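Enquirer: Following the hints, put chains Y, L, E, G, U, B and W in place on chain H, whose structure we already have.
Number of protein chains: 8
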Amino acid sequence: MDERTLRRLLARVKAGEATVVEAVAALKAAPFERLGDVATLDTHRALRHGMPEVVLAEGKTASQVATIARRLAARGPLLVTRLAPEKAGPARRAIRGARYDPVSRTLAKGRMDLPVRGPVAVCCAGTSDIPVCEEAVVTLGVMGVEAIRVYDVGVAGLHRLLARRADLERAVAVVVAAGMEGALPSVVGGLVGKPVIGVPTSIGYGASLGGIAPLLAMLNSCAPNVTVVNVDNGFGAAFVAGLVARG
Amino acid sequence: MDERTLRRLLARVKAGEATVVEAVAALKAAPFERLGDVATLDTHRALRHGMPEVVLAEGKTASQVATIARRLAARGPLLVTRLAPEKAGPARRAIRGARYDPVSRTLAKGRMDLPVRGPVAVCCAGTSDIPVCEEAVVTLGVMGVEAIRVYDVGVAGLHRLLARRADLERAVAVVVAAGMEGALPSVVGGLVGKPVIGVPTSIGYGASLGGIAPLLAMLNSCAPNVTVVNVDNGFGAAFVAGLVARG
Amino acid sequence: MDERTLRRLLARVKAGEATVVEAVAALKAAPFERLGDVATLDTHRALRHGMPEVVLAEGKTASQVATIARRLAARGPLLVTRLAPEKAGPARRAIRGARYDPVSRTLAKGRMDLPVRGPVAVCCAGTSDIPVCEEAVVTLGVMGVEAIRVYDVGVAGLHRLLARRADLERAVAVVVAAGMEGALPSVVGGLVGKPVIGVPTSIGYGASLGGIAPLLAMLNSCAPNVTVVNVDNGFGAAFVAGLVARG
Amino acid sequence: MDERTLRRLLARVKAGEATVVEAVAALKAAPFERLGDVATLDTHRALRHGMPEVVLAEGKTASQVATIARRLAARGPLLVTRLAPEKAGPARRAIRGARYDPVSRTLAKGRMDLPVRGPVAVCCAGTSDIPVCEEAVVTLGVMGVEAIRVYDVGVAGLHRLLARRADLERAVAVVVAAGMEGALPSVVGGLVGKPVIGVPTSIGYGASLGGIAPLLAMLNSCAPNVTVVNVDNGFGAAFVAGLVARG
Amino acid sequence: MDERTLRRLLARVKAGEATVVEAVAALKAAPFERLGDVATLDTHRALRHGMPEVVLAEGKTASQVATIARRLAARGPLLVTRLAPEKAGPARRAIRGARYDPVSRTLAKGRMDLPVRGPVAVCCAGTSDIPVCEEAVVTLGVMGVEAIRVYDVGVAGLHRLLARRADLERAVAVVVAAGMEGALPSVVGGLVGKPVIGVPTSIGYGASLGGIAPLLAMLNSCAPNVTVVNVDNGFGAAFVAGLVARG
Amino acid sequence: MDERTLRRLLARVKAGEATVVEAVAALKAAPFERLGDVATLDTHRALRHGMPEVVLAEGKTASQVATIARRLAARGPLLVTRLAPEKAGPARRAIRGARYDPVSRTLAKGRMDLPVRGPVAVCCAGTSDIPVCEEAVVTLGVMGVEAIRVYDVGVAGLHRLLARRADLERAVAVVVAAGMEGALPSVVGGLVGKPVIGVPTSIGYGASLGGIAPLLAMLNSCAPNVTVVNVDNGFGAAFVAGLVARG
Amino acid sequence: MDERTLRRLLARVKAGEATVVEAVAALKAAPFERLGDVATLDTHRALRHGMPEVVLAEGKTASQVATIARRLAARGPLLVTRLAPEKAGPARRAIRGARYDPVSRTLAKGRMDLPVRGPVAVCCAGTSDIPVCEEAVVTLGVMGVEAIRVYDVGVAGLHRLLARRADLERAVAVVVAAGMEGALPSVVGGLVGKPVIGVPTSIGYGASLGGIAPLLAMLNSCAPNVTVVNVDNGFGAAFVAGLVARG
Amino acid sequence: MDERTLRRLLARVKAGEATVVEAVAALKAAPFERLGDVATLDTHRALRHGMPEVVLAEGKTASQVATIARRLAARGPLLVTRLAPEKAGPARRAIRGARYDPVSRTLAKGRMDLPVRGPVAVCCAGTSDIPVCEEAVVTLGVMGVEAIRVYDVGVAGLHRLLARRADLERAVAVVVAAGMEGALPSVVGGLVGKPVIGVPTSIGYGASLGGIAPLLAMLNSCAPNVTVVNVDNGFGAAFVAGLVARG
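Residue numbers (the working numbering), protein chains in the order written: chain H, 13 to 259; chain Y, 13 to 259; chain L, 13 to 259; chain E, 13 to 259; chain G, 13 to 259; chain U, 13 to 259; chain B, 13 to 259; chain W, 13 to 259.
A couple of the hints might just be wrong.
Simulated pairs of lysine-lysine, BS3-like, Cα-Cα distance not exceeding 25 Å [what the hints assert, rightly or not]:
no.	chain 1	residue 1	chain 2	residue 2
1	U	Lys72	U	Lys99
2	H	Lys26	Y	Lys99
3	U	Lys72	W	Lys99
4	B	Lys72	B	Lys121
5	E	Lys26	W	Lys26
6	G	Lys72	Y	Lys99
7	U	Lys26	B	Lys121
8	H	Lys72	H	Lys99
9	L	Lys26	G	Lys26
10	W	Lys121	W	Lys99
11	H	Lys99	W	Lys72
12	H	Lys99	H	Lys121
13	U	Lys99	L	Lys72
14	H	Lys72	H	Lys121
Read the hints as simulated data drawn from the structure, not as lab findings. Being a predicted model, the structure only gives us computed values, none of them experimental.
In isolation and in its complexed conformation, chain H is listed as follows (with noise of 0.2 Å):
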C-alpha cells in the first residue's frame, strides 16, 4: 500500500463511503512492508549508514560492475571495491571522473558530506599489506573522512610504531592491518585510548592459514579495545572507523 492508495482509502473513510471497520480491515492486510515507514526503509538505510551502497566488483563480471556503479555514481558518491585491473575497463569508461586505484582496486568518485570529528589513522606492519590499507583510505575518503596513514610499523620493530604515537593520538580511530601473527592490533590497543578495529591479512604462509591465523590472534588480544573485521576486510573496518569518526 503506497501513499496514494492510503490517502485514497482515508478520504472515502471521510467521505463516508468505506467504514472505519473496512478500512481497518484493508490496514491490516496490506502487507506493512508497502507502508510508507517501511518502503522509505532503504533510502533511511543509505542515509543513515551515511554510505550509498557499496559495490564488491568480485564474482560480477565487468558489465555488470560497470551498470551497477554507473547507476549508483548518478545518485551520489560512488565506491567498488575488489575491482581487479583487467575488469575495471568499462566501469571507469562509463563513469566519468571515477579514480580508479589498482593497488587498493577500488573504483571511486566524490566523497560523503557530513560532519566529522577527527581523523582516522590506517596503520599496517608490512609493505605487503598496504593494498588492505589502501581500501581503507580510499573508504574513509568517500566517507570524507581524513587517513592518516601510518605504515611498516610492524611489532619485530616497535620503535618505528613508538615514533608515530603522534599520529595516533590525534586520531578518533585506528584500523589496523596486520597478517602473520597479526600482533600490531594489540600492540596499537595498548597505546591508544580508541577503538581499534584489526583487519587480519592473508599475508603469511603455512600455518597462517590464510589470515587465519593473526584473525585469531586479533581476536584474543590482550588489549580490550580492539575489535575485528574478515581477512583483507580493509573496507569493512574503515566504513566502521568512519561511523565512529563521524560520531
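Expert: Leaving out everything else, chains Y, L, E, G, U, B and W in the frame of chain H:
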C-alpha cells in the same frame, strides 16, 4: 499502533476530527510492527509452523523451565527438549498430565490436531543413537504424526535394514540418526524416494570429532534426497519431517 | 532373474518339469538382486525418486558427458549439472532439444509429469548466489515443479525480504541459498511454517572458509524448520524441495 | 632515570658542573623506559582508555582477586569479570559498596565520570545469551554510559526486533550478542547506521563448535558496520561501544 | 522367507494348490532378506569375520552390558571393550570365567579356534600407550592369535626398537600404537615388510589435539605398508591384524 | 665396511697380520651401518617389502623421473606413480617395455614373482574414483597379485554392490576407494570378513574438504575390519592389500 | 653380539677354528643393535642431552611416579613435570631432598654441573602464564642454568617490557610464554638478537582454541629468531634454552 | 625530540634561560621515541641479530625487490628469499656479485664475519624437501656459518640416517626439514643432544593439509630438544641455528 488506536484514528477521520493528511502522517509514523498484521505475526507463526514454541531446557534452571512450560502448556501442546532428569522435577509437578521421558530427555503434553498425509520413519544405526531418535519420536507425537521406529539397522549389517524396507516405504519422510561414519542416511536415501533428514550423532570417539565426522559424511551424501540438521538434533529433524508429513 | 524367468520356472515346477529341490536351488542361487523385487529396484528407485539419474559433469570429460547424457536422454528427462560452458559442446550437439544454461551450468531436456502440490520458492541473499539458485530452478523445472524466484533479499535489508512474503507463503517448500554469514534461511524459516532447505554458497572470502561459515550458521539455525545441504548444492536442495512439493 | 635524577642532572648543567655534551650523552644513554614519560605511561593509558585496569578473575584464586581488586578499588572505579559466585566472597567482603552480580558474574564499584554522547543498546537473540549481555551492561555502567537492554529479539521472529527499532535508533553504538547461527548482528547492522559490535556466544551445541560458528558468521556479515570480538566477550564489546559513546 | 517356507510354496505350486501368479506374487513380496542366502547373512558374517559381535560398553549402562554380554557368551567367545571398572561388576558376576582387565578395560572369555599363520607384534612408543596396546593383546587372545608385546620403543631412543627387531620379524602383522608425534609406525614400517596397522593414541596435550596429530602423521607415513585406524582403537587394529594372521 | 673389507680384515686376523684386539677395535669403530647386516638392510627391506622402491613422480622433473626410473628398472620391476602425462615422455622413452597408463598416471614394467594366496578386489563408489582404483590395480599388477575390479557400486544403489558379492568373497583383501561421504568401506566391511583398506578420494566439493570428509568417515567405520590410508593413495592401499595377499 | 662374543669369534678365526666365510656370515647376521656402539647409545644420549630422563607424571599413577622417580633420583638429578599436588605425596615421601612446587607442578632434586655460557630469561605476558614459566625456571635449575624471571610484560603495556630490556640483553636465550594473541615472542624477538623460544599457553577462551591461537601466532612470527614448542610446554622450551646456554 | 633540540634545551638551562622545572617538564613531555637511544634502536637490532634485514620477495614486484635489495646490498651482506626465477632478473642485474639459486629461490651476496662456535647440520627426509634445506644452507652461508648437508635420510630407512651420525655429532645445532609425517626431527632429536629446529614442509597431499600434519607432529615431538618454525620456513630455522652457532 494496535487495532483500537487505528480504529479510533479512522473514526476521527470519518468524523472530520482529523484530516487525511494527518492520518497519513500518523499511519506512516506508526512503528509498523505495532500494526495488527505484525502484532499477530507471532500467533501466525505458531499456527503456520504447526507447533507452539518449543522449550530448549539446556542452559535454563529447573524453575525457569517450569515457569515457561506451564505458561505454554496452558495454551496448547507442550514440548520441552534436552531436559535432564535431575532438572525435570519442578516442571513435571507444575504441569498435570505431562509425560517425562528420561531416554529422550523430553517433557511433553498433548498433541496437535492437523491433517497428516502419512507416517514418518525414524531410523538409527545403533542402540547408542536411540536417545536422539526418541527425541524425534516424541516430537512427532506432539505434532500428531505417527512415528515408525526402525532401530539398529547399521550399514555394517545391511540385511537388518533391507528387512525393514516395507516400513520405510510406508513413510512419507524418513529421519535417520547415525554417529560414527554417518553412512546410514545415504543408504536409506538410495532405498526410498522420499525426503531423508540426516541427524549426525555425537556417538563415537577420536576422529568422530564429537559428531563432525558423520555430519560431514551426510552433507556429502551421494543420495540426492538427503538433507542434514545439527549434531544430535533429533527434534529439528522430526519437526521438518512432521511438516513434510502434513503436506 | 526377472519376472518372466520366474514365471517360467514356476510353470515348469507346476508342470512337473522341474522338481521342488531344483527350483529351490535355482531361486537361492539366483543373485537375489536379480529377483523381481530387487531387479527392478533400480527402476523403482528412479521412479520413486521421481527423477532419472542426474549427471554430475565435474570430473568427467566432455565426451564422457555427451555419451552418458545421450543414453539417459533416450530414456526420459535429462539433467546434467556443473557442466562448464567449454565442456558443454559435445553433449549439446548430441542431444536435440537440450537447453544449456551458462549461468546455472546445466544441460536439461524434458520434464517429469507427476502430480505436484504447489510451487517451491527459491531465495537468495545476493546476486552472486544466483548461479546456485538457477541450478535449483532448472532442477525443479525437470521435476515438473514450479519455481518462484525470490532473489536479492539479504538480511541486511529486511524490507526486501518482507516485501516478498506473499510469494513465500504460496510455496510448499523454500530453497534458500546464502553465502557470507548464511543468515537468510533462519530469517525465512521464522517467516514461513514450511520446510526450508538451506544451501550455503561459497560466496565470500577469508573467514567464510569456502562456504563453511554459512554452512555452520545454517546447521545452527534457531528456526527449527531449516535443514541443510552441501555448499553450492543447488541441485540437491531443489531435489528435496521437489520431493516435498510432490507430497 | 627517574625525575629526581633528571632534576639533579639539569641542576648540575645549570650550575656548570656538567657540560651540555655530557648531559646529552647521559640522557641518550638513559634507558628511555625509566624517563618520566614512560614511567607515567601506565597512568596515561588508564586515563586515555577511560577505564582503570579490569580484573579477569578466571585463572586467579579468590584471595588473589580480593587483593588485586581492593588495591584497584582504592584508586577509582572497579570492575572484576568472570568471577564465579563461589570465588566472589573474599573480594566482596574486602570492598565496601562493591556490587556482585551472579548473572553476569561481575563485581563492580563506582563509575567513571566522563562526557558521553549517548546510550549504547545491548541486544541478544535469546535468553541464554543474557549473561553475556549483562556483563556488557555492567561494563557500560562502570564507564558511565547508559545501556538500553534489547533482549530476546532473535532473527526467527523478526517482529520482536522490529518492535524495538526506536531503542536501537536512540543508541550511538550497539552491542549484539548471539549464539547458534549468529545472524542477529547482520540484521541489526542493516537496520541502524551505527557501529555494531557482535559478540558470538557459546550457546549452542554440535556444529556451533563452542561459539566458532556464530563467530565466523559475524566475521562474514553482509552488513558493513559490524565488527566482532571473541566468543562470550561481553566486556570487550561494551568497552569498545563505551569508547564510541564517549566520542 | 526361509528355505522351508519356500519349499512348501513350491510344493503347493507343484500340487496345484497355488497358481503360478500367486507364487510369483508371494516371491516378489517376500522381503528378499528372508531368503536363505540373506537370512543366513548374519551368521555368515559372524563366521567369516572370525569373531562374534563385540560389545562396545561405552554409552551403555552396566546392566545393559551384562545382559548383552551374557547372551553373547552363551554362544561363543566374548569380548567387551571400553568397559570402565566401575561398570564392570554386573557383567563379571553374570558370566563365569570371564576375565576383566582394568588396564585394557576389557572383559573377555574363551578364544576362537581357527588356523593361524603366525603371531602379531603389538608395539608402542611409551608406557602411557599401554592400555591401548593391551586392548589389542586381549582382542588377539580372543581371536586365538599370539601377541608379541614390544613396548616402550619410542623413536627418540631408536636402539630400544632396533633391539627388538627379531620379534618384529617373527610377526605376520604389526600393530603400532603411538601418541604425540605418532612417528613409530613409519619407523617400524621401514624395518619390516609386513602390514603395519597404526593406532594413534590420545596421549599428549595442546597441539596433539586429542590424537589428531598422530593420526595425521600416520596417514602421511612415508612407509607404504602403514594403514591407520581411529584414535585409541586398539581393538580395531588388532582385529585387522588378526584377520591377516589367519590368512 | 662392506663385505670385501670385512673379509679382508678377517683374512688378516686368520693370517696373524692383525690381532684380535685390533680387529675388535676396527669392527666396533666401523659405523655399524656399514657392517654387512646394515649395508644389506636396504636390499633386505626391498626384498621383505616385496616391492622395489616406488617413484612418486609428483614434485620431480620429467628428467629426474626418467633418470631414477631407468636405474630402478635395470634392477627389477618398476613402478612410478602420480606421473602426469605431460611429464611421462622422457621416462617412457628411456625404458623399453614400460607401460604408461594415463588414467592411473602410472608407469610400470615387469612384475614380482612371489607366491600369492589369492586375488585382491578393488572397489569404488563412482566412476570419478576410477583413477585411484587403477593406481591400485597397476600396483597389484607389479606385485604379481590378481586384481578384481568392482567399480561403480556406490551405497545409494546397494543392489549393484550386492550383485558383486561373489567377487568380494573370492578376494583375500579388499581395497575400497570412495569420495563424498566415504560410506562404501563400511558396507563392504560388513559383507566380507577380510581386511578392507579404505582409500578416501578427493572427489566431492564444499564440505568434502578435499577428501577429509570421507577420510573421517572411514576412520569412524562401524565395520571393525576397515583400516585407512591417505586421501587418493591408491598405491598405498594396494601395497598393503598385496602384502596380505602374499601372506 | 657383545664384545666378548666378538672377541671369541675372532679368536676362533685366528685359531683356524672358524673360516673367514663363517665369520662374515656370523657378523652379518648379528643384530647390529647388540654391538657395543649401539648398546651404549642410551647412556650416550643421556650424557649428550645433558639431562637424565624427565618424568611426565600426567597419565601415570602416584605410585608409578614414585617408583620411577626414586630410581632416577638414585642416579642423578631428578625432574618430574605435570605432577598434580594430589598425586605428589608418594614421590615426595620416597625421595629425600626433593622439592615439590605446586605452582609449576614439578618435583625436582639436584642439578647438573656442566659449563654454562650465561643465563636464560623467562618472560610471560600475564600472571596466568606464570605456572608455565615456573616449569621452565625449575627445568633450568635442574640443568644448572640461571633463570631471569621477566613476568607480566604483556604487549598491551609495552613500557613494562621495555623497562626490562637490560635483563633480556643479559640472557643468552629467551623463553617467552604467552596465551591469548601470543604476540610477546615477536616483540621480544624484535628487541634481542638471540634465540627466542615461544611457548603458547592455554590461557584464554573462545577463539583461543585452547592455545592454538597463540601457537599459530608464534609460528607466523615476523621476528625470525622465534621458534616454538607445544602449548604449555614450559619444560621443552627451557630444555632447549638450557642447551643453547651450555653452548 | 632530536639531539639538536635536546642540545639547545640544555644550553638554555645552562644559560639560565630555562629553569630546571621547565626542562624536566619538556623532557618528560618529549615523545621518548625521538630520543637517541630509540632512534638508534634499528641499527642496534640489525647488529644484535647478526643479520641485516632479509627481503621476503613473495608479494613484492620484481622491481620493488630490486630496489630494496640494492639498497641493502650497499650496506652489507644481502639475502632475498622466496624469489621466483621469473622475478629474479632485475635484482640480479642490479647487484653485482649476487648469487641467485633457483633451487632455494634465494639471492645472496657477501657473508657476515662474526665468531662461530661450529657448523650447523641441515637434514631432510626426502629429495622433495631439498629446496627448503637449500634456503637454510644459503642463509647459514650469509651468516658465515658452515652448513653440513645430511639429505635423504627419511625414517622409513633408518640406516641412511644412522650412517650420518658423525656429521650430526659435529654440528652445534641441527635444522631438520620433513614433510609427510614429519617424524625426522624426533628421531634426530633422540640421536643428538643439541637444539634441533624442525621445519615442516608442504611436501605431501591429502591429509598432510599443506604441511600442517608434519607441523603438528613436530610440535608433539617426544624428543625434548625439538623446537619448530613455520611450514617451509628454511630461512627462519637456519637463522635461529646460526644464532646458536654463534653462541
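Enquirer: Let me make sure I understand: some of the numbered hints might not hold for this structure. Which ones are they, in numerical order?
Expert: 2, 7
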